[in-house]
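Respectively, the protein sequence lines represent chains B and L.
Going letter by letter, the first sequence gives residues 5 to 183 in the numbering used here.
Going letter by letter, the second sequence gives residues 8 to 158 in the numbering used here.
It is possible that some hints are incorrect.
Not the full set, but computed from the structure, chain L residues with beta-carbon under 8 Å of chain B [unchecked claim]:
| no. | residue |
| --- | --- |
| 1 | 100 |
| 2 | 102 |
| 3 | 126 |
| 4 | 128 |
Simulated restraints, written as ranges between beta carbons of each label pair [stated by the list, open to error]:
| no. | chain 1 | residue 1 | chain 2 | residue 2 | range |
| --- | --- | --- | --- | --- | --- |
| 5 | L | 87 | B | 11 | 29 to 35 Å |
| 6 | L | 90 | B | 11 | 40 to 46 Å |
| 7 | B | 65 | L | 96 | 20 to 26 Å |
| 8 | B | 48 | L | 78 | 16 to 22 Å |
| 9 | L | 112 | B | 17 | 31 to 37 Å |
| 10 | L | 12 | B | 13 | 37 to 43 Å |
| 11 | B | 107 | L | 39 | 29 to 35 Å |
| 12 | L | 62 | B | 163 | 23 to 29 Å |
| 13 | B | 41 | L | 62 | 40 to 46 Å |
| 14 | L | 45 | B | 94 | 49 to 55 Å |
No lab work stands behind these hints, which were simulated from the structure alone.
Ideal Cβ positions, reconstructed from N, Cα and C, are used throughout, including at glycine.
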Amino acid sequence: MNRFLLPLGLFVLLAVVLAIGIRHAPEKGVIASPLLGRPAPQFALPSLTDPAQQVRSADLKGHWYLFNVWGTWCGECRQEHETLLQVHSAGVVPIIGLDWRDDDTQARSWLAQLGNPYQSVAVDRSGRIAIDWGVYGAPETFLVNPQGIVVYKHVGALTPDTWTREILPRVSGLPAGTS
Amino acid sequence: MRWRDAVAGLLLAACLLLTGAGAVWAVDPTELPDPRLQARYVALTHELRCMQCQNEALADSPVELAADLRREVRDQLLAGKSDDDIRAWMSARYGDFILFRPRYSLRNAWLWGAPAALLLIGALVCWRVVRNRGALLATDNEPLEEDGQSG
């Protein structure tokens, strides 16, 4: 009896450690953002549709917005575009785009062809602002509250399901600032 | 931990000799003017993770995001930032996941403690096994079965 106790104990310990590992296994390599609950990074970048204008984070304070990182080189962005158009027509929360490491002309024709769901699109040619947001792959979408705090982050294509389950309840129901 | 760096350096040199150094410099041609800065640059880009490929270091990755992050490391080194400043800057954006060498913190205590704990458990098991064997030898005076039968 006693000689099985130690191996059994070790086995249980190992099982617990592995169970914790499996429970916390990031689904498809999604990495938790340290930005959640923190102020959204500041930026002032040229606008894609009107290069003379700037898109500035300071102007976005005071209301909810979605911050969507995309590029014409990104296949999944094409997949999620339909959802973005739906979100846009729902009119609940404006979408600010970040055109990441992209060609401006191609990006403009992308929007002309597929439709433009964005209130404004900031051009990040060097990728410097994307780094501030901790972006490691497009598409990525952040929800920012009126106080300018990042409340939610979605990695990968936005789906109607994510919209109704994760984003809509946060914008409409709960009090702002639930980090 | 100077000796550890020395051993790591020797191992790296051995690997380079075996695999051919050409491939390494093909990814990242950056050369800083000050050799001491260059050494820190090489060390840092080897201990920061490429977030897009995840199992590669910044130094080894050909993807654009890795190039952008290497550019940040270079610019911040040239601006006089310390290694810890740069590590903190990176993990503020990408989380501790970007650090291949985890930080010493209470949250990471289990991580750093695990090897010692496992070694201790192993030693305990060893000690018990040896002690039990010792007890067997002292009391086991029976002749071996095979000897008894063949006679």
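Exercise. Out of the numbered hints, which ones does the structure contradict?
Worked result: Numbers 3, 5, 9, 13 - these are the hints that the structure violates, sorted from lowest upward.
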